[in-house]
Amino acid sequence: MEQLHPALQPVYDTVLHRNPGEREFHQAVAEVLESLNPVVDKRPEYAQASIIERVCEPERQIIFRVPWQDDSGRVQINRGFRVEFNSALGPYKGGLRFHPSVYLGIVKFLGFEQIFKNALTGMPIGGGKGGSDFDPKGKSEAEVMRFCQSFMTELYRHIGEYTDVPAGDIGVSGREIGYLFGQYKRITNRYEAGVLTGKGLSWGGSQVRTEATGYGLVFFAAEMLAAKHTNFEGKQVVVSGSGNVAIYAAEKVAQLGGTVVAMSDSGGYIVDESGIDLDEMKQLKEVRRGRISEYAEARGCTYVEAGSIWDVPCEVALPCATQNELDEKGAAALIKNGVQVVAEGANMPTTPKGTAALRQAGVAFAPGKAANAGGVATSALEMQQNASRDSWTFEHAEERLHDIMQGIYGTCAMTAEEYGMPGDYVAGANIAGFTQVADAMLALGVI
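In this note's numbering, each residue's number is its place in the sequence shown (first place is 1) plus 81.
Check the hints yourself; a few may be wrong.
[Stated by the list, open to error] Dumping the calculated DSBU-like pairs for lysine-lysine here, alpha-carbon to alpha-carbon at most 30 Å:
id, residue 1, residue 2
1, K417, K434
2, K410, K309
3, K266, K316
4, K434, K316
5, K316, K363
Hints listed in this document are in silico derivations from the structure and should not be mistaken for laboratory results.
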């Protein structure tokens with residue numbers, strides 16, 4: 082961790098003291114505070130009004146029990162979370178994650194990142210996040226439905242289109258959003274379409290929402306390549322993960338002329354030098370919900386069990402799996418093999434040492450709060466369509482997404498330049514997102 086400004090060190094010390102053991106949250110806060118060193122001197126009013134301390138403390142943290150009955154009749158207990166972090170710019174907005182790794186520290190790190198990500202979109206949305214340690218894998222449709230209904234039976238009292246608007250994340254796809262929305266409608270007796278995003282197209286969803294995070298990531302990476310006077314044409318690309326973000330990032334890379342040669346899941350990774358067959362990958366992961374090793378068997382390509390996908394040579398790397406998947410060793414392998422651009426599709430997938438190594442080597446590096454903001458941006462567009470009782474074509478929604486991602490890139494690049502750090506997208510994203518939220522908080526008084 083870099084040396085913090087004397088005004089920032091007490092803030093970080095307080096975060097450590099108030100949130101013991103929440104290492105992911107500590108990491109996310111440290112990354113932002115490091116970027117704010119030059120801001121403290123330029124904008125002393127932030128320190129005087131304790132803006133930075135307030136940004137680091139959630140407005141509300143909700144933890145609740147989720148009892149549900151499995152198919153054998155046994156009652157299971159999970160824990161549910163919703164951290165409503167900051168509403169200075171609009172209603173809380175952020176996904177729900179259903180995964181065994183979920184605990185308060187994960188939800189707070191995600192919610193903290195969401196504040197600045199949402200600010201960068203330019204849309205009127207605040208930051209929040211939620212989820213549960215429930216694992217949908219291996220559960221029947223009926224079990225998933227019963228869990229979602231129990232989860233929403235508590236969550237409904239805390240959300241609303243002008244209060245808090247959840248969406249999907251890891252483990253929460255259109256299926257889960259449907260069950261959650263159905264229970265919300267049943268309990269409230271209102272068809273409040275704007276209360277959840279990521280809905281099906283026939284009941285209030287938006288075109289491009291499924292593709293948005295992956296497409297937006299590639300739009301951002303394309304701007305990074307353009308700054309180097311090149312593009313995706315003919316580039317070899319590695320995409321970690323094989324979920325929603327990874328699949329649609331790979332799809333947009335292919336549309337722009339690049340070749341995705343490797344993808345992964347929790348079991349290992351595949352290398353397909355001719356380019357990943359996305360139709361086969363979508364069938365495997367979105368329909369059959371199988372393992373990536375099955376793709377290798379079907380296509381006769383290389384499968385490496387439990388190895389590091391970052392050993393695969395590439396010019397563009399897009400980490401799209403989960404937090405802290407790209408460490409210092411992986412970064413060193415990428416640098417050795419000549420990577421030009423790394424853009425985060427997942428939330429905080431690169432460790433601090435990995436990030437430092439890439440930046441020191443001169444690799445263009447974009448943090449998730451900027452590069453993967455396309456998902457929440459399109460969620461805000463879904464809210465806009467719901468509010469106006471409208472629906473847009475795929476082409477119009479994709480054009481809006483492209484414009485937003487170009488705008489985020491421009492904001493990050495311009496802010497980094499303003500603070501004397503040209504090309505530093507991490508600093509640009511953190512400072513631009515923070516100052517937008519901080520200025521709103523100053524205007525609203527002591528809140």
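Checked hints:
1. K417 to K434: Since the Cα atoms of K417 and K434 sit roughly 16 Å apart, the hinted pair holds (cutoff 30 Å).
2. K410 to K309: holds, 25 Å
3. K266 to K316: Between K266 and K316 the Cα gap is close to 47 Å, so the pair fails against 30 Å, i.e. violated.
4. K434 to K316: holds, 26 Å
5. K316 to K363: Given pair K316, K363 holds - Cα atoms ~22 Å apart, limit 30 Å.
In summary, the structure is inconsistent with hint 3 from the numbered list given earlier, while agreeing with all the others.
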